[in-house]
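*Asks:* Assembling the complex is the task here: the two chains are given apart, and the hints tell you how they should meet.
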Amino acid sequence: MNILVCISNVPDTTSKINFTDSDSKFDKNGVQFIINPNDEFGLTKAVWMKDSNKASVTVLTVGDSSADTILRKCLAIGADKAIRIDCEAKDAYSVAKEIVAHCESIKYDIIICGRESIDYNGGLVPGLIAGCLDYNFITNCVSLEIESGKAKCAREISGGTEFSECDLPLVIGAQKGLVEESDLIIPNMRGIMMARQKPLDVIKAQNINSRANDKKFFKPKEKGEVKLVKPDELDKLIDLLENEAKVI
Amino acid sequence: MSVLVYSESENGKLKKSSFETASYGKALSQELGSKLICVSFNCSDIELLNKYGADKIVNVESSNLKDFTAKTYSHVLSQVIEKENISVVILSSSADAKYLGAYLAGITDSSYISNVVALPESLNPFIVRRSCFTNKAFSTTEINGNLKIISISSNSYEINENNGDGVIENIDYNEVSSTFKVSNVEKQSAKVTIADADIVVSAGRGLKGPEHWHMIEELAEVLGAATACSKPVSDMGWRPHSEHVGQTGKPVASNLYIAIGISGAIQHLAGINSSKVKVVINSDPEAPFFKAADYGVVGDAFDIIPELINKLKARK
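Respectively, the protein sequence lines represent chains B and C. Going by the numbering used here, the first residue of the first sequence is number 1, and it counts up by one from there. Going by the numbering used here, the first residue of the second sequence is number 1001, and it counts up by one from there.
It is worth saying that the hints were derived from the structure and are not from the lab. You may find that some hints are simply not true.
Below 20 Å or equal to it, Euclidean Cα-Cα: the simulated SDA-like pairs (lysine to any residue) are [as the list claims (entries may be wrong)]:
| no. | chain 1 | residue 1 | chain 2 | residue 2 |
| --- | --- | --- | --- | --- |
| 1 | B | 221 | C | 1309 |
| 2 | C | 1013 | C | 1161 |
| 3 | C | 1291 | B | 224 |
| 4 | C | 1276 | B | 244 |
| 5 | C | 1016 | C | 1224 |
| 6 | B | 198 | B | 90 |
| 7 | C | 1316 | B | 234 |
| 8 | B | 236 | C | 1309 |
| 9 | B | 16 | C | 1273 |
| 10 | C | 1066 | C | 1224 |
| 11 | C | 1181 | C | 1062 |
| 12 | B | 223 | C | 1224 |
| 13 | B | 25 | B | 12 |
| 14 | B | 90 | B | 33 |
| 15 | B | 50 | B | 109 |
| 16 | B | 152 | C | 1179 |
| 17 | B | 230 | C | 1290 |
| 18 | C | 1181 | B | 157 |
| 19 | C | 1311 | B | 231 |
| 20 | C | 1276 | B | 224 |
| 21 | C | 1181 | B | 148 |
| 22 | C | 1016 | C | 1117 |
Extracted from the complex, chain C is given alone in its bound form (with noise of 0.2 Å):
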């Protein structure tokens, strides 16, 4: 029985929390007392998982698979998950990462559990600590099933160096037929998205209209953060949907969170609960957000922000 990590890359490369998941997952199996198998496809610095305690690597090389469809990849898992006797999967938090687990789920009849946050608290029965009702709460929860999926939230695990002597490996899998086909990727690549992000500057209704965002991009641009924004200021188009973050949008689980000119809503206070430092900078001194957040400045952003950004630049 072996613990397997599916590995995320992007470009060739290995992401960031394909490091967490290794090293979650390389805790794990010493628990269980088995092996850490780590799965990439197309990667070309596969080997770097080695530093992670990986026990086996498995390369999946096919221009079939160049682009990630939940269904393709998902088939090849379960073929090396029955090859190798595994009995727990190991996902990061990512879009991809998720659409395939609960989709793997359904073609292995395993059993799928997200948003969690730590290592099983007892591995008999099997339990796990997870956030629900969007951050506001946590739960422990008994997995039942032979074998359990497990997607856990970005920045939630230490990144542990553990050495490893993993023999990369080809295999042997058969290709399964798909009428999905990708036609079109579309993507902003200078920017750095809300997902992968340290720091995150956000703002919301208290800009006044979408023209003022440029200070708010520079603020991020000097901290090399991402954007993001409130519901309302979504809702209004001000800026895209794909920033907005909350109960109904995105969450966010940076080291930083600065949140400028946002009331600090239940519904975007609960998608923010991750983030380990919130600032807040607001003319309202009652608002909300202050009661949530580790750090304050009352007053008015116009004012704020271009000195904080100018302070930041002499900084440096």
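This is chain B alone, in the form it adopts within the complex (with noise of 0.2 Å):
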């Protein structure tokens, strides 16, 4: 079983956003990339199928040699091979229609993505390969189960689960629930070196033309100063929230 895990690299949870060129583009600098955290539990799910499904896990981006960093992390997690599409990655759309081309030409059985990113929210990535590919889909997938070719999904819904069934190929947006953050690899020693062994192909771009383009960022206003109420005057709370904001 071969499976596709798209990785993005985006700015660590803890990052403080601000812009350049005239508020236009996100300023990296000083910032640290990490793998999506949506990324990462598809990851981890697809390495834990190595030994569950006999599968072969192949990693991919869509980026410039930059996001070779998280490359490496993620074949020091347990890939076995890494794919980067050799490009900027302009927005949602151009992104995964890279994606799509290279699919067109090798062929997996699943295919991984985060729900979606935690930089720009899109979450455009993993549909639009499953339909350009016509394959079936899955996202918010809390649950992976692969049994003599059919897939057993979970998807969390609005006030709880859904459980269904299809035949591979099959793309899944990945969420926390499909493993859970303890169960997350870090990468030992004996990892990082094996890292190093293992390929990271870089291929060309088909450079397709982006269909979102990003004018200018901005920061939400800065709040006022909160009004406190003491703990013995929660009266006083209650008709701040009935009469002021108009909330209750």
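*Replies:* What follows is the structure in structure tokens.
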């Protein structure tokens, strides 16, 4: 079984968000990049499936050479090989289309993406890939088991869980729950050494035109000062919520 | 060129979000000088959409489409899009709508944009405002492409009544075959969900253990609120993952967010930033949450919450 895990390189969750070039670009200065957390849940699941389903795991990212560090980390976590489609990641549409072009030449049984990236929060990539390739698709995926060529999945829905079955090939939008936070694999020295021997192929991009261009970024307005209420004056809090904020 | 709204329903009744999307769709169709077409699946009260200005209401009735699936629903919508010469599709930001939107973009080769918070700033070029970096920032973004799919953030657009005289139409469509089958759905039916709630009561490590959550649930019940929690609480298994709000959990865009015993890490604040009014209750006056909140109480949650519950009950 061949599994492809699509990886996005995102600012660490603790990063302060700033912009540059007259607020038209994200300021990468001093920002540490990590594997998109939703992708990492998917990658961990894929690495488990190497044992449980004799799967071979390829990780792929669309980006320039600065993304190689993240790909080496994925290899150290347990992926077998890495591919970087060499171009600047302009928007979700062009990134997804680059992945689609790759998946038309090499067939994968399961394509795993994070349900969304924590930077641009588009949530487009897994669905667009599935739609373009006419593959089955489950996003917000919290469980995945493959038995005799069929997938049994669970998806988090508003107020509950939906269980489903389908044939492969399949595209997954992964999130926490597919594996737990405590299951995430921290690469050990052996993994890091082995990662150096594993292939990292750089392939040529199709150079697909983007569809969404960010013109300007801005940050939410600073909050006014918090209104403090004493613990023995809770009537005042209720009054403020009822008559000033009008929310209860 | 018309505007299509996918009007979501649950158990055969329209959801509140479908009035938001219809209101947004109506305003946009007026700006574009075009018609508003609402499409719903197996829904019994679709005539309500007339109140929000629908020019046409398409009801898709089929026992094969009883369960929502992104693929089968998208293929029906793509046929309506073609037949009605649609230029913009409007969706809510529910889990199902976003699931559908991305797939629909794939099969129709259209441009999909999520988390949109207002009407377009310009129609030509088509520029929208959206939230990004998990609400730590916004962007104005230009969208190209003949067909655009827009998912609007919940609670970001006001419901406006607007008389319409939409004819209800059934349509002919070709069903697409799919091996995807929903086998079972488990729902906590009595509970208000975080996505649909006007008020969310959320608690963190300050509560010291899962055995103290009864007071959070009681406060939520009195307020008709959903319950939520911080990341450490869900990681320790005190509460289910579905309640985790924050950057890697769920976003919250409620009218009122009450945070109890949550210090306010940057990742948590990012996830709840779209909530309109925030109240923090914390024993540590230095907790970062006080900088992000509108109202705050410095004190012991174990004293404050029971008293707050009593006072709220007495008020009713």
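*Asks:* Now, for every hint given, state plainly whether the structure supports it.
*Replies:* Comparing the hints with the structure gives:
1. B:221 x C:1309: Given pair residue 221 of chain B, residue 1309 of chain C is violated - Cα atoms ~33 Å apart, limit 20 Å.
2. C:1013 x C:1161: holds (18 Å)
3. C:1291 x B:224: holds (9 Å)
4. C:1276 x B:244: holds (13 Å)
5. C:1016 x C:1224: This hinted pair holds, its Cα atoms lying about 16 Å apart.
6. B:198 x B:90: violated (28 Å)
7. C:1316 x B:234: Holds, at roughly 15 Å.
8. B:236 x C:1309: holds (14 Å)
9. B:16 x C:1273: This hinted pair holds, its Cα atoms lying about 15 Å apart.
10. C:1066 x C:1224: violated (29 Å)
11. C:1181 x C:1062: Holds, at roughly 15 Å.
12. B:223 x C:1224: Cα-Cα ~27 Å, so violated.
13. B:25 x B:12: Satisfied, since the Cα-Cα distance of roughly 17 Å is no more than 20 Å.
14. B:90 x B:33: holds (17 Å)
15. B:50 x B:109: Satisfied, since the Cα-Cα distance of roughly 13 Å is no more than 20 Å.
16. B:152 x C:1179: Judged against 20 Å, a Cα distance of about 12 Å means the pair holds.
17. B:230 x C:1290: With Cα atoms ~14 Å apart, residue 230 of chain B and residue 1290 of chain C stay inside 20 Å; holds.
18. C:1181 x B:157: holds (15 Å)
19. C:1311 x B:231: holds (13 Å)
20. C:1276 x B:224: Roughly 13 Å between the alpha carbons, so the hint for residue 1276 of chain C and residue 224 of chain B holds.
21. C:1181 x B:148: holds (17 Å)
22. C:1016 x C:1117: Within the cut-off at roughly 17 Å; holds.
Of the numbered hints given earlier, the model fails hints 1, 6, 10, 12; all others are met.
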